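Visitor: Here the protein sequences come in this chain order: A and B.
Under this note's numbering, the first residue of the first sequence is numbered 29, with each subsequent residue one higher.
Under this note's numbering, the first residue of the second sequence is numbered 1137, with each subsequent residue one higher.
Just so you know, these hints were derived from the structure itself, not from any lab.
Please read these numbers as outputs of a predicted model, since none were measured by experiment.
Please note that a few of the clues may not be correct.
To be verified - In silico contact screen, one side only, chain B against chain A (beta carbon under 8 Å); selected entries:
| no. | residue |
| --- | --- |
| 1 | Y1158 |
| 2 | G1221 |
| 3 | L1224 |
| 4 | K1233 |
Every residue, glycine too, gets a C-beta built ideally from N, C-alpha and C.
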Amino acid sequence: ETGVTQSPTHLIKTRGQQVTLRCSSQSGHNTVSWYQQALGQGPQFIFQYYREEENGRGNFPPRFSGLQFPNYSSELNVNALELDDSALYLCASSRGTSGGAYNEQFFGPGTRLTVL
Amino acid sequence: TQLLEQSPQFLSIQEGENLTVYCNSSSVFSSLQWYRQEPGEGPVLLVTVVTGGEVKKLKRLTFQFGDARKDSSLHITAAQPGDTGLYLCAGVGGAQKLVFGQGTRLTINP
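Extracted from the complex, chain B is given alone in its bound form (with noise of 0.2 Å):
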């Protein structure tokens, strides 16, 4: 069974701080997805990152695919209020579904 592990659950900081999430599992996976899911709605993708060792950057998002393809890494630079939301990492596993991981809850305090 592939599972995904999420650290932290939940985390508040001030606007300005800096702050990174981590996903880990014990498998392989062909690649990676970071999500934001808003109350009320599905969630959005933010990135796919498919080869080890890859770095995508979104604005002040940084996503980072470990090199055995079995971690990643979400780095925000100078947080701001309108980061706040659920971010999910999920990987590509087999029958094209999506395993997720049980989310960060990310505040942002002005």
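Next comes chain A alone, as it looks inside the complex (with noise of 0.2 Å):
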């Protein structure tokens, strides 16, 4: 069984440019949420993906944007980034239901972004 998988694993870009951050959800997922990991903090949810529909969305800008596609991994897009977009981008994969009960989240390895 494959774990999730993120890539690129660095990246640098500077202001204002865009950029987007992939994850392979793990076999038998549904589900992905991606979290935003700054240094030094705990992870902050930034959305969730259930069979390519936007889940639940946590306290970021519309500039951060997503993409489930069919075979269920997910794009994270984020447009005009700016210096505190740095930080460590989590991907993590679930088994959801229609009813909405809490399954386990598995977290990649995640993408560090560097915004200069």
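Assemble the dimeric complex from its two separately framed chains, guided by the hints.
Guide: Pasting the structure below:
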């Protein structure tokens, strides 16, 4: 069973640019959640996708957007990058259900984004 | 807004000592989880506590969920250098999201 994978591992961008981060969910999982972890902080929830639809969003501006594909992999897009966007971006996959019960989330290793 | 406060944020102790990390909130969570995160990796789940007053043990680690389901603690007995890492508590909030504390960076010195 393949775990959650993320690409790229590291990325350096400049202010104002756009970035796309990718996540492949664990086999059998249909839900992907994205988190931002600033240096020295705990992860903060960005949004979650369940069966290709957004299923909850944290306190992040609209320039943070996402997609989930039919194979349940996911992308996180950030437009107009700011210095404060520098962080570790984590995705986590889980086996979601229509009833909404919480199921364990399995985290990928993250993408380290640096904005200069 | 649901928030979790962890204390202490940093802890450096000698091998063999005991320690306790606290996780507190003013909100009630349906369950609370503890994770450990190594550099360059994502958080790895250690335990989930669900019932108020629940105590779970994982070898030298003891986890407790407060009676009111607003707080939790992690106690490590006879700490070892291999216990070094970032420990995160997380509450299961609405919309299936996890609400994380800011983490406790633990260093065990040989």
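Visitor: Looking back at the hints listed earlier, which ones does the structure fail to meet?
Guide: Checked against the structure, the hints that fail are numbers 1 and 2, while the rest are satisfied.
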